[in-house]
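Visitor: Chain A is fixed; fit chain B onto it per the hints.
Line order of the protein sequences matches chains A and B. Just so you know, the working numbering puts 222 at position 222 of the first sequence, and the rest follows in order with no gaps. Just so you know, the working numbering puts 512 at position 240 of the second sequence, and the rest follows in order with no gaps.
Keep in mind that the hints were calculated from the coordinates and are not lab data. One should not assume that every hint holds.
[Claimed, not checked] Computed cross-link-like contacts, SDA-like style, restricted to lysine to any residue with a CA-CA straight-line distance of at most 25 Å:
id: 1; chain 1: B; residue 1: Lys417; chain 2: A; residue 2: Pro42
id: 2; chain 1: A; residue 1: Lys145; chain 2: B; residue 2: Phe311
id: 3; chain 1: A; residue 1: Lys145; chain 2: B; residue 2: Ile398
id: 4; chain 1: B; residue 1: Lys315; chain 2: B; residue 2: Gln403
id: 5; chain 1: B; residue 1: Lys417; chain 2: A; residue 2: Val78
id: 6; chain 1: A; residue 1: Lys145; chain 2: B; residue 2: Gln403
[Said to hold, decoys possible] The following residues of chain B were derived to be distant from chain A, with all beta-carbon distances above 12 Å:
id: 7; residue: Val324
id: 8; residue: Pro327
id: 9; residue: Phe391
id: 10; residue: Val394
id: 11; residue: Glu433
id: 12; residue: Ser441
id: 13; residue: Glu466
id: 14; residue: Arg484
id: 15; residue: Val485
[To be verified] Which residues of chain B face chain A? A few of them, derived with a C-beta cut under 10 Å, are:
id: 16; residue: Phe358
id: 17; residue: Thr360
id: 18; residue: Thr388
id: 19; residue: Lys389
id: 20; residue: Gln414
id: 21; residue: Gln538
Since the structure is predicted, the reported quantities are computational estimates derived from the model, not experimental observations. All residues carry an ideal CB built from backbone N, CA and C; glycine is no exception.
2 protein chains.
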Amino acid sequence: MREGVRIGFVPTMGALHEGHRALIRAARLRCDALVVSIFVNPKQFGPQEDLVKYPRPISQDRALCRKEGVDVCFEPTVEAMYPSGFQTMVTLPMIARRWEGEVRPHHFTGVATVVTKLFGIVRPRIALFGQKDFQQSALVRQLAKDLNLGVEIVVCPTVREADGLAMSSRNIYLSPDDRIRAATLYKSLQAGAEVIRRGVTDGETVRSAMVRVIKNEPAVTIDYLAVCDPTTLDPLSSVTRQAVLLGAVRIGATRLIDNILVSAKQARRSFE
Amino acid sequence: MREGVRIGFVPTMGALHEGHRALIRAARLRCDALVVSIFVNPKQFGPQEDLVKYPRPISQDRALCRKEGVDVCFEPTVEAMYPSGFQTMVTLPMIARRWEGEVRPHHFTGVATVVTKLFGIVRPRIALFGQKDFQQSALVRQLAKDLNLGVEIVVCPTVREADGLAMSSRNIYLSPDDRIRAATLYKSLQAGAEVIRRGVTDGETVRSAMVRVIKNEPAVTIDYLAVCDPTTLDPLSSVTRQAVLLGAVRIGATRLIDNILVSAKQARRSFE
Numbered sequence: 001m002r003e004g005v006r007i008g009f010v011p012t013m014g015a016l017h018e019g020h021r022a023l024i025r026a027a028r029l030r031c032d033a034l035v036v037s038i039f040v041n042p043k044q045f046g047p048q049e050d051l052v053k054y055p056r057p058i059s060q061d062r063a064l065c066r067k068e069g070v071d072v073c074f075e076p077t078v079e080a081m082y083p084s085g086f087q088t089m090v091t092l093p094m095i096a097r098r099w100e101g102e103v104r105p106h107h108f109t110g111v112a113t114v115v116t117k118l119f120g121i122v123r124p125r126i127a128l129f130g131q132k133d134f135q136q137s138a139l140v141r142q143l144a145k146d147l148n149l150g151v152e153i154v155v156c157p158t159v160r161e162a163d164g165l166a167m168s169s170r171n172i173y174l175s176p177d178d179r180i181r182a183a184t185l186y187k188s189l190q191a192g193a194e195v196i197r198r199g200v201t202d203g204e205t206v207r208s209a210m211v212r213v214i215k216n217e218p219a220v221t222i223d224y225l226a227v228c229d230p231t232t233l234d235p236l237s238s239v240t241r242q243a244v245l246l247g248a249v250r251i252g253a254t255r256l257i258d259n260i261l262v263s264a265k266q267a268r269r270s271f272e
Numbered sequence: 273m274r275e276g277v278r279i280g281f282v283p284t285m286g287a288l289h290e291g292h293r294a295l296i297r298a299a300r301l302r303c304d305a306l307v308v309s310i311f312v313n314p315k316q317f318g319p320q321e322d323l324v325k326y327p328r329p330i331s332q333d334r335a336l337c338r339k340e341g342v343d344v345c346f347e348p349t350v351e352a353m354y355p356s357g358f359q360t361m362v363t364l365p366m367i368a369r370r371w372e373g374e375v376r377p378h379h380f381t382g383v384a385t386v387v388t389k390l391f392g393i394v395r396p397r398i399a400l401f402g403q404k405d406f407q408q409s410a411l412v413r414q415l416a417k418d419l420n421l422g423v424e425i426v427v428c429p430t431v432r433e434a435d436g437l438a439m440s441s442r443n444i445y446l447s448p449d450d451r452i453r454a455a456t457l458y459k460s461l462q463a464g465a466e467v468i469r470r471g472v473t474d475g476e477t478v479r480s481a482m483v484r485v486i487k488n489e490p491a492v493t494i495d496y497l498a499v500c501d502p503t504t505l506d507p508l509s510s511v512t513r514q515a516v517l518l519g520a521v522r523i524g525a526t527r528l529i530d531n532i533l534v535s536a537k538q539a540r541r542s543f544e
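Pulled out of the complex, with its shape left as it was, chain A reads as follows (with noise of 0.2 Å):
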């Protein structure tokens, strides 16, 4: 790292999309040079997951990465990433031990070390993540704090397709039939969302009323639901302030995940 020079920096597994593209243009505003990684990260992934098949379209990669100015687009193999002998893991037990860390056991464990990784070897000066992936951008920036990281993290909103599917590079996996249905994870949230903004405050009421939204489409399952403190992810049983509607389904074989941020009526109000 030269003095002077901020780099900025945006992790991904490729197979990028519209919302990859704004996290690399938030970056660009951000710093003077910008790293894009490309690295399908096989310690995130469990057992029964899709590490094989997980898209890796990198020629397309690289041309969007040179079309929106990327300074070096770092593409390591698994070999130079986890060499004979390779041991250390970080984990972060109280974030990560719910939703998405519960259905994936060692998910976040994999997504923690990487990154740790990659900022050792990036040296950036800030860091962009996506709000879709709402439990890793908590996970990152407590890592980021706990292990003294030196980079500021970045979360910017999540990028949707014009019905609100969340933009994700595993919706390829999805059926016209089932694209379609994909839809009803967002108006889930959506739904949890208004009730809260209409005043209510109960997070049984508000989770129920997500859940009714799913249970109108049969062809989706829960995988969790929730109404959750943005910070430490823990279940909320009154929602005073902020909130985290989380999401995760499943339609035939392919799992999703969303997510949106709602303030409080009476939160709302002391702002105006």
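Guide: Chain B alone, transformed into the frame defined by chain A:
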């Protein structure tokens, strides 16, 4: 970190002795700016261990640092290092599972976590550790490599008292009688090394020679004595190249560790 300014770092728990002084002087020769940290890290002590009574002669420590030309003496508080909400842990399951890690279950997670944090804060180019804590130095070396911390780890030879006892902040716990008996540990390691130098390769034969020396001193009890590979710390059934002889004993309420590195007779010949 300024480009061209090479920061050297000696992390300590204070109670500085001649071993630390040797690390500081070795660092001085290899860097432009020298940082010593003094932090009695609670996370590397077990609940039954000596955290509270660990010596903290801070004025003497500062005087030694001043005399040795240390540029920054970094003395963080426990609250600054582990604020409310802190949760990240760094673990090295393979190196940490044996020897000290077996006797002190969370010790090396505490060490790996605090070293990662201190490297993040200090951003050194090189960091120096004493060979006395051999397993710790192997762990830190692997940690720095695995997490791409960009720090060169330098391990300096153990500094010893006239009778061979390795310098340690914990030696002050020894009664005068136990202080005399404490040299038995080094004598035991030397006996093992001598057997190897005479051409014996069988690990168990070497270990027996070490055990015999300790058994001659009834006030000293063995925690472990082992003949190991210096990188993996796995026990060696046959010493054909390098070995580290590791020992931990108890004398009264005090626990002492020590080690020596030794080359097999045939390995030494190949250098001649």
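Visitor: All hints, please: hold or fail.
Guide: Results of checking the hints against the structure:
Restraint check for Lys417 of chain B and Pro42 of chain A: satisfied, since their Cα atoms lie roughly 19 Å apart, inside the 25 Å limit. Using a Cα cut-off of 25 Å, the hinted pair Lys145 of chain A and Phe311 of chain B holds, with the two alpha carbons roughly 19 Å apart. Of the supplied pair hints, the one linking Lys145 of chain A and Ile398 of chain B holds, its CA atoms being roughly 23 Å apart against a limit of 25 Å. Of the pairs offered as hints, the one joining Lys315 of chain B and Gln403 of chain B holds, with about 21 Å between alpha carbons and a cut-off of 25 Å not exceeded.
At most 25 Å may separate the alpha-carbon atoms for a hinted pair to count; Lys417 of chain B and Val78 of chain A meet this at roughly 15 Å. Taking the CA atoms of Lys145 of chain A and Gln403 of chain B, the gap is near 31 Å; set against the 25 Å cutoff, the hint is violated. For Val324 of chain B, the shortest C-beta to C-beta distance to chain A comes to about 25 Å, beyond the 12 Å cut-off, and the non-interface label holds. The beta carbon of Pro327 of chain B is kept farther than 12 Å from every beta carbon of chain A, the shortest such distance being approximately 26 Å.
The claim that Phe391 of chain B lies off the interface is violated: its Cβ sits roughly 8 Å from the closest Cβ of chain A, which falls inside the 12 Å cut-off. Some Cβ of chain A comes within 12 Å of the Cβ of Val394 of chain B; the nearest lies about 9 Å off, and the non-interface call is violated. At roughly 35 Å, the least C-beta separation between Glu433 of chain B and chain A is larger than 12 Å, which holds for a residue marked as non-interface. Interface exclusion of Ser441 of chain B from chain A stands, the closest Cβ pair being 25 Å apart, more than 12 Å.
Residue-level check passed: Glu466 of chain B sits 31 Å from the nearest beta carbon of chain A, beyond 12 Å. Distance to chain A confirms Arg484 of chain B as a non-interface residue, since its nearest Cβ pair spans about 34 Å, more than 12 Å. No Cβ of chain A approaches the Cβ of Val485 of chain B within 12 Å, the least distance being about 33 Å, so the stated non-interface status holds. The closest approach between the C-beta of Phe358 of chain B and any C-beta of chain A is roughly 5 Å, which is under the 10 Å cut-off, so the hint is satisfied.
The interface hint given for Thr360 of chain B holds, since its Cβ lies 4 Å from the closest Cβ of chain A, which is under the 10 Å cut-off. A least Cβ separation of about 5 Å between Thr388 of chain B and chain A falls short of the 10 Å threshold, and the interface hint therefore holds. Taken as an interface hint, Lys389 of chain B checks out: its beta carbon lies about 5 Å from the nearest beta carbon of chain A, inside 10 Å. With a cut of 10 Å, the hint placing Gln414 of chain B at the interface with chain A holds, because the nearest CB-to-CB distance is about 7 Å.
For Gln538 of chain B, the interface hint is violated, the least distance from its beta-carbon to any beta-carbon of chain A being 25 Å, above 10 Å.
Hints 6, 9, 10 and 21 from the earlier list are contradicted by this structure; the remaining hints agree with it.
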